[in-house]
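> Sequence:
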Amino acid sequence: MKIESNVHSDNMIKFAKENEDVLVLSADLGTSCEVKEFAQVLPEKYLSMGIAEQNMLSWAAGLAREGFRPFLHTFAVFLYRRPLDQLEMSIAYPNLPVSLLGFVPGITTPGGVTHQSIEDVGILRTLPNMTIFDCGDATDVESALDICKEVNGPIYVRMLRGQMPRLFDPKQPTQFNKGRVVSEGTDVALFSSSICTEEAIRATQWLEKKGISVQHVHITTLKPFTDPLVVESIEKVTHGVVTMENHVTTGGLGTAVGEVMLEHQLHKQLVKVGINDEWTHGASKPYLMKKYGLDAESLIHAVEKVLGKKLDFKEEELEEIRLEDYDRV
1 MKIESNVHSD NMIKFAKENE DVLVLSADLG TSCEVKEFAQ VLPEKYLSMG
51 IAEQNMLSWA AGLAREGFRP FLHTFAVFLY RRPLDQLEMS IAYPNLPVSL
101 LGFVPGITTP GGVTHQSIED VGILRTLPNM TIFDCGDATD VESALDICKE
151 VNGPIYVRML RGQMPRLFDP KQPTQFNKGR VVSEGTDVAL FSSSICTEEA
201 IRATQWLEKK GISVQHVHIT TLKPFTDPLV VESIEKVTHG VVTMENHVTT
251 GGLGTAVGEV MLEHQLHKQL VKVGINDEWT HGASKPYLMK KYGLDAESLI
301 HAVEKVLGKK LDFKEEELEE IRLEDYDRV
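Heads up: the sequence shown is residues 1 to 329, going by full-length UniProt numbering.
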């Protein structure tokens with residue numbers, strides 16, 4: 001596994017050069033959202049809107065109506081919590097091609113409750129015309145802009161920044177509304193998204209050493225949620241289903257999987273791993289993932305619930321598993 005840095009910065013410049021209609025809008029967070037270099041290289045395509053997100057979304061709607069493709073850059077919470085009315089009425093209702101790139105999603109920021117978008121997917125899944133894409137590694141980030149173009153409507157992207165793992169082969173870009181099979185198995189179906197997939201891979205490697213076969217699928221498109229792979233994976237396994245997400249367990253990936261199971265009458269147990277019904281606080285990402293149960297150990301205990309038995313878990317065994325030698329899929 002390779003660690004990449006500032007993946008979006010270079011990709012946004014390349015994408016804008018290839019697409020004349022692309023504009024970048026920033027809410028006074030150009031450096032924090034990796035478009036500082038973009039502003040220097042392509043100043044004619046960069047609009048700094050200041051700390052005025054409601055105004056920025058309204059501007060984006062007007063620009064989209066005039067034939068431009070606005071790509072909005074700010075922290076995730078400032079794209080849906082504060083300007084929700086503008087998002088709904090000015091962008092989603094007229095179904096305009098506005099791409100909302102929301103950085104530091106969930107608990108990827110130490111900024112505390114005001115900066116942590118732990119309920120964004122649950123809110124935005126209810127908006128007609130809205131598409132939701134959740135990045136989990138560098139390959140997802142590199143694929144996101146092409147997916148925005150493919151959607152040709154309002155799309156909310158949970159974007160990563162800074163250093164991030166390269167879990168998946170860059171020669172195989174992430175596809176819209178199609179999960180990525182990380183491992184094949186017949187005991188338990190596991191669906192993970194965002195930063196949780198890295199932890200899920202660690203847990204799966206430990207489970208396989210214990211003889212547990214895991215059908216692991218990395219999910220990026222959270223709306224629409226119609227990928228046949230979800231049903232196929234659930235039907236394939238004997239015991240049950242586990243979901244793992246950087247989000248509260250209400251309204252996000254776990255809820256989406258539960259809805260699919262209900263619709264297709266898939267009568268198996270579902271255990272959701274995520275943030276419980278509580279607000280999170282600020283700290284480092286590793287600390288928060290452990291505190292709020294988004295780590296590999298929490299996933300192993302969820303699998304134990306599905307199997308109905310203990311697996312003789314020892315934390316030191318999990319600590320021995322490193323992803324440096326993980327083969328990308």
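None of these hints come from the bench; they were simulated from the model.
Bear in mind that the values here come from a model prediction, so they are computed numbers and not experimental data.
Each residue gets a CB set at the ideal place from its N, CA and C atoms; glycine is no exception.
Mixed in with the good hints, there may be bad ones.
Derived Cβ-Cβ restraints for the label pairs, each shown as a range [unchecked claim]: (1) K290 with K17: 38 to 44 Å; (2) P173 with P286: 43 to 49 Å; (3) E320 with G162: 51 to 57 Å.
Taking lysine to aspartate or glutamate pairs in the DMTMM-like style, the calculated list, with each CA pair at most 20 Å apart, reads [claimed, not checked]: (4) K291 with E316; (5) K291 with D146; (6) K149 with D21; (7) K268 with D227; (8) K178 with E150; (9) K268 with E319; (10) K210 with E320; (11) K178 with E304; (12) K209 with E319; (13) K290 with E315; (14) K236 with E208; (15) K209 with E44; (16) K309 with D187; (17) K178 with E88; (18) K223 with D187; (19) K285 with E263; (20) K236 with E278; (21) K290 with E263; (22) K14 with E208; (23) K305 with E320; (24) K310 with D227; (25) K36 with E18; (26) K178 with E259; (27) K210 with E88; (28) K149 with E235; (29) K17 with D146; (30) K223 with E315; (31) K14 with D227; (32) K223 with D21.
> All the hints need checking, so say for each whether the structure fits it.
Here's how the hints hold up against the structure:
Between K290 and K17 the beta carbon distance is about 42 Å. The supplied range of 38 to 44 Å therefore holds. Under the hint 43 to 49 Å, the C-beta atoms of P173 and P286, about 29 Å apart, miss the expected range. Distance hint check: the CB atoms of E320 and G162 are about 27 Å apart, inconsistent with the given range 51 to 57 Å. Restraint check for K291 and E316: the C-alpha separation of about 18 Å stays at or below 20 Å, so the hint holds.
Annotation: proposed proximity of K291 to D146 is violated, straight-line Cα distance about 35 Å (limit 20 Å). Restraint check: the Cα-Cα separation between K149 and D21 comes to about 11 Å, which is no more than 20 Å; the hinted pair holds. Distance check on the hinted pair: K268 and D227 sit about 19 Å apart at the alpha-carbon level, within 20 Å; holds. A hinted pair counts as satisfied when its Cα atoms are at most 20 Å apart, and K178 with E150 qualifies at roughly 14 Å.
Proposed proximity of K268 and E319 is contradicted: the alpha carbons are some 31 Å apart, above 20 Å. With a CA separation close to 14 Å, the supplied pair K210 and E320 stays within the 20 Å bound. A threshold of 20 Å between alpha carbons decides the hint, and for K178 with E304 the separation of about 28 Å lies outside it, so the pair is violated. Restraint check for K209 and E319: the C-alpha separation of about 14 Å stays at or below 20 Å, so the hint holds.
Our distance criterion of 20 Å between C-alpha atoms is met by K290 and E315, whose separation comes to about 13 Å. Proximity of K236 to E208 is assessed by CA-CA distance (about 17 Å); at most 20 Å being required, the pair is judged to hold. Restraint check: the Cα-Cα separation between K209 and E44 comes to about 55 Å, which exceeds 20 Å; the hinted pair is violated. Distance restraint check for K309 and D187: the Cα-Cα separation of roughly 13 Å lies within the 20 Å cut-off, and the hinted pair is therefore satisfied.
Of the supplied pair hints, the one linking K178 and E88 is violated, its CA atoms being roughly 26 Å apart against a limit of 20 Å. Straight-line distance between C-alpha atoms of K223 and D187 comes to about 27 Å, which puts the hinted pair past the 20 Å bound. For the hint linking K285 to E263, the alpha-carbon distance of about 35 Å lies beyond 20 Å, and the restraint is violated. A hinted pair counts as satisfied when its Cα atoms are at most 20 Å apart, and K236 with E278 does not qualify at roughly 34 Å.
With a C-alpha separation of about 33 Å, the suggested pairing of K290 with E263 is violated against the 20 Å cut-off. For the hint pairing K14 with E208, the CA-to-CA distance comes to about 41 Å; that exceeds 20 Å, so the pair is violated. Distance check on the hinted pair: K305 and E320 sit about 24 Å apart at the alpha-carbon level, beyond 20 Å; violated. A threshold of 20 Å between alpha carbons decides the hint, and for K310 with D227 the separation of about 32 Å lies outside it, so the pair is violated.
Between K36 and E18 the alpha-carbon distance is near 19 Å, which keeps this suggested pair within the 20 Å criterion. Between K178 and E259 the alpha-carbon distance is near 17 Å, which keeps this suggested pair within the 20 Å criterion. Distance restraint check for K210 and E88: the Cα-Cα separation of roughly 48 Å exceeds the 20 Å cut-off, and the hinted pair is therefore not satisfied. For a cut-off of 20 Å, the pair hint linking K149 to E235 is broken: about 33 Å separates their Cα positions.
About 13 Å separates the Cα atoms of K17 and D146, which keeps this hinted pair within 20 Å; it holds. For the suggested pair K223 and E315, the alpha carbons sit about 35 Å apart, so the restraint of at most 20 Å is broken. Distance restraint check for K14 and D227: the Cα-Cα separation of roughly 30 Å exceeds the 20 Å cut-off, and the hinted pair is therefore not satisfied. A distance of roughly 25 Å separates the Cα atoms of K223 and D21; the hinted pair therefore is violated under the 20 Å criterion.
In terms of the numbered hints stated before, the structure departs from hints 2, 3, 5, 9, 11, 15, 17, 18, 19, 20, 21, 22, 23, 24, 27, 28, 30, 31 and 32, listed from lowest to highest.
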